[in-house]
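J.: Required output: the full structure, derived from the provided sequences and hints.
Just so you know, the protein sequences line up as chains A and B, in that order. Taking this note's numbering, the leading residue of the first sequence gets 1, the next gets one more, and so forth. Taking this note's numbering, the leading residue of the second sequence gets 1, the next gets one more, and so forth.
Fair warning: there could be bad hints in the mix.
What the hints assert, rightly or not - Restricting the straight-line Cα-Cα distance to at most 30 Å, the calculated cross-link-like pairs of lysine-lysine (DSSO-like) are: (1) Lys91(B) with Lys23(B); (2) Lys100(A) with Lys23(B); (3) Lys100(A) with Lys161(B); (4) Lys91(B) with Lys100(A); (5) Lys111(B) with Lys55(A).
These are calculated hints, taken from the structure and not from any lab test.
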Amino acid sequence: MVVPVQYYLALSVALFALGVIGVLIRRNALVIYMCIEMMLNAVNLAFIGFADYFKAVDGQMFVFFVLTVAAAEVAVGLALIVAIFRNRGDVYVDNLNILKW
Amino acid sequence: MQILFFILGAVALIAGGLVVFQKHPLRSALWLIVNFFAVAGIYLMAHAEFIAAIQVIVYAGAIMVLFLFVIMLMNIRQPEEAPKIPFIGQKLAGIILAGFTGLILIYGVAKAALTTGKEAAPGLGNTESIARSLFTDYLLPFEVTSVLLLVAIVGAVVLAKSKLK
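T.: Listed below in structure tokens is the structure:
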């Protein structure tokens, strides 16, 4: 029994929409970051589903590179969040309105 | 096989929902690890064994340890009073917008003419085929990735070292 590619895509869409909900309604910068990671993960799932569907390894290569970029992004982003926390004392995005005049 | 997919997908979805709706960021991070493990299980079913392994090692291992480390470093004891919401219906509007995003994606998926796949050739996602592809067709992106990681390391060190003033 083979799992149809539509199932992979449906799960990917659902996870991506959950990540979008999280980014839009949460205001803790760390949780927003986690939701972005979840969206990247959903896209990876679609890539893996298509790689299985087309019997090609190229989709898995893209997942490999997405993983690398995600690791780099998390390292820099968490360093930024720590810097903001040291500077301001919290990480709520509503309080980061210093650019809004 | 499909039963396993449904179980793992349900675990991934429930854990993802808990990531979004937990009050404390620490609990969100722990549920995100559960989500990553479930997705790694699905990768394993889709003949992507190597990707499943690095999903567990890099995502659930390295990245989430980094997240937990930062949460602990900030010492957020309780979910303290969140700041006033500037726009009252923001939660509802966010959910509706995300629902629309999902609907658009579902429309795109439904329009694509996809048939049911066949059984995979042996050795599709194993380390040997990944490595063969990585060091021939994808050699330049692989090398550029190493430069990207170097830039990220330097950036993280510079940001973490000095105060932003």
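J.: Taking only the CA atoms, is the gap from lysine 91(B) to lysine 23(B) under or equal to 30 Å?
T.: holds (14 Å)
J.: Within 30 Å, alpha carbon to alpha carbon, are lysine 100(A) and lysine 23(B)?
T.: holds (27 Å)
J.: Holds or violated: are the alpha carbons of lysine 111(B) and lysine 55(A) at most 30 Å from each other?
T.: This hinted pair holds, its Cα atoms lying about 21 Å apart.
J.: Hey, lysine 91(B) versus lysine 100(A), does the alpha-carbon distance stay inside 30 Å?
T.: Holds. Lysine 91(B) to lysine 100(A) sits at ~22 Å (cutoff 30 Å).
J.: Keeping to a limit of 30 Å between CA atoms, is the pair of lysine 100(A) and lysine 161(B) held or broken?
T.: holds (27 Å)
Hint check: no violations occur; every hint is consistent with the structure.
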